[in-house]
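Undergrad: Assemble the whole structure, with the sequences as input and the hints as a guide.
Numbering follows the UniProt record's numbering, with no gaps: position 15 of the sequence shown is 15.
To be clear, the hints were calculated from the coordinates, so they are not data collected in a lab. Errors might be hidden in some of the hints.
Said to hold, decoys possible - When the alpha-carbon atoms are kept at most 25 Å apart in a straight line, the in silico DSS-like pairs for lysine-lysine are as follows:
#1 Lys-68 <-> Lys-277
#2 Lys-257 <-> Lys-237
#3 Lys-241 <-> Lys-231
#4 Lys-270 <-> Lys-231
#5 Lys-277 <-> Lys-257
#6 Lys-266 <-> Lys-237
#7 Lys-295 <-> Lys-265
#8 Lys-167 <-> Lys-185
#9 Lys-27 <-> Lys-266
#10 Lys-27 <-> Lys-59
#11 Lys-231 <-> Lys-179
#12 Lys-266 <-> Lys-241
#13 Lys-241 <-> Lys-257
#14 Lys-266 <-> Lys-295
#15 Lys-261 <-> Lys-239
#16 Lys-266 <-> Lys-179
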Amino acid sequence: MLDRTFQEATGPPIRVCPLYAGLPPAKQLQVWREAPPGTRKIILATNIAEASVTIPRIKCVIDTGVVKERSWSGGTGAERLRVCATSQAAGWQRAGRAGRTQPGAAYRLYTADDFRARPHHHTPEILRCPLSSTLLLLIAAGAEPSTFPLIDTPPPESVKASLSILKELGAIDNENNPKLTVIGKKMSTFPIEPKYSKVLLSAPEYNCLDEALSLISVLSSENVFHTPMHKREEAFKVKQKFLSPLGDHITLLNVFKAFCKAPLKKQWCKENYLNHKNLTYACEVRQQLLAICQKLNMTVSSCGQAYDQLLKCLLCGLFTNCAWQRGVGGAGGAGAGRYVTAAGAAAALHPASALHAVRPAPPALLYTELLSTSRTYMLTVSAIQPQWLHQVAPEYARRCRASR
Numbered sequence: 001m002l003d004r005t006f007q008e009a010t011g012p013p014i015r016v017c018p019l020y021a022g023l024p025p026a027k028q029l030q031v032w033r034e035a036p037p038g039t040r041k042i043i044l045a046t047n048i049a050e051a052s053v054t055i056p057r058i059k060c061v062i063d064t065g066v067v068k069e070r071s072w073s074g075g076t077g078a079e080r081l082r083v084c085a086t087s088q089a090a091g092w093q094r095a096g097r098a099g100r101t102q103p104g105a106a107y108r109l110y111t112a113d114d115f116r117a118r119p120h121h122h123t124p125e126i127l128r129c130p131l132s133s134t135l136l137l138l139i140a141a142g143a144e145p146s147t148f149p150l151i152d153t154p155p156p157e158s159v160k161a162s163l164s165i166l167k168e169l170g171a172i173d174n175e176n177n178p179k180l181t182v183i184g185k186k187m188s189t190f191p192i193e194p195k196y197s198k199v200l201l202s203a204p205e206y207n208c209l210d211e212a213l214s215l216i217s218v219l220s221s222e223n224v225f226h227t228p229m230h231k232r233e234e235a236f237k238v239k240q241k242f243l244s245p246l247g248d249h250i251t252l253l254n255v256f257k258a259f260c261k262a263p264l265k266k267q268w269c270k271e272n273y274l275n276h277k278n279l280t281y282a283c284e285v286r287q288q289l290l291a292i293c294q295k296l297n298m299t300v301s302s303c304g305q306a307y308d309q310l311l312k313c314l315l316c317g318l319f320t321n322c323a324w325q326r327g328v329g330g331a332g333g334a335g336a337g338r339y340v341t342a343a344g345a346a347a348a349l350h351p352a353s354a355l356h357a358v359r360p361a362p363p364a365l366l367y368t369e370l371l372s373t374s375r376t377y378m379l380t381v382s383a384i385q386p387q388w389l390h391q392v393a394p395e396y397a398r399r400c401r402a403s404r
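TA: Take a look at the structure:
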C-alpha cells in the first residue's frame, strides 16, 4: 500500500538524507549539499538536529514530539532505553530549525494542550546516569559526595549504588565517609570510567597492558561498526573476518589492530563498514591513556594470543558484570541464550553479539553494558570460565553464589 501511495504521489523529485550521530562524516555532509534545481531535500534527523547543527534553507520542520532517552538503574546496573515525550524546551529548539535563513513553519504531531502539559526541560543527565566517575572525582578533590552542593541533587539511591561500585573496585575505603585508597588515587588520574581504570591498573599483573589499552580505548569511544540499513547482509559478511569465538571484546580488539595497520584508513573503514571517526578517536584515547600509564611507571607488555589473560584482566574491573546460564544449555536447550546477572536480572545475548549463535551456549559471560528495551540485553560480551570470578574477586564471587 505504501509503495502504491508513493508511486501515485505527485510533486517535485525528492532527495532524502539521514542525520544521526553514528552516521559517518561523509554521509553527514550530504545534508549540507545543495539539492539539484527543482528537487526537494528531506532530512530525517534524530535530536542531533535540535541544537548541535544548523542546516541552512530549512523551510519546514515536522516534530514527532518524542525522543529516545537513557536512564540507569542502580539496583540492576541496567541502562534503560525508552521512547519518551520531549520537553517544551526541546520542542522550541526543534521549531527553531526552520526559518533561520528564510521564512519557515513547524508542525508538531501532538496537541497544544499536550505541549503545555510537558515539563519545561528534560531530566538532567546527572539524575539518570551512573555516578561512579563523578563521585570518584569529588572524593579525590576532598569533597563529601552526600553533601556537595551540585546544581541538581542526584537520587540518594543512585549515590549509594555508585559508592558501592567504587567500594567493590577498591577505590574507596568505605561508603559512609569515603576516602580514596592507594589504588583509588591512581584510578582518579584516568579520564575514563572507574571500572576501566581498574582494568588498566590490573593489566601489568596479567602481562596484557598493551592489549588492555587498545580494548579500553575502543570501549571508551562510540560504536565502531557502521551497518547501513540497505547493506546489512553485506556488512554482516564483512564483519565475519574480525569475529572471535571468545566474544565481542576480542572482536573489537581485532578491529582496532587491523585499523592501526591499515595504510589508507578512511578507505579501509569504508570497505569494512567501520566508523573511521570513532576508531580515530579511540587511537587518540589510547595515546592519552598510555601517557598516564607511563607516568605511573607501569610496564607495557603484551599477552600475544593468550587472550584468557586479557579476559581475566577485564574481569578485574567488570566482575560485577557477570551472568550465568539458566537451565540446561546446548543447541535447542531450555536455557540456551538465557542468563541471570549477578544482580538477579534476567538477560539475553544481543542478536549482534559474536556469541549469539554459539552452541552450546557459554555457561558464564562477562558483559560491558546491560541495556533494557523490550527485553534486557547484554552488550559487548565474552565467554568466561566460572572459576575466574573466584580467582579475581573471591569475596564478591562468594556473595553471588550465596544469592543465586
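Undergrad: Among the hints numbered above, which are violated by the structure, and what are their numbers in rising order?
TA: 7, 11, 14, 16
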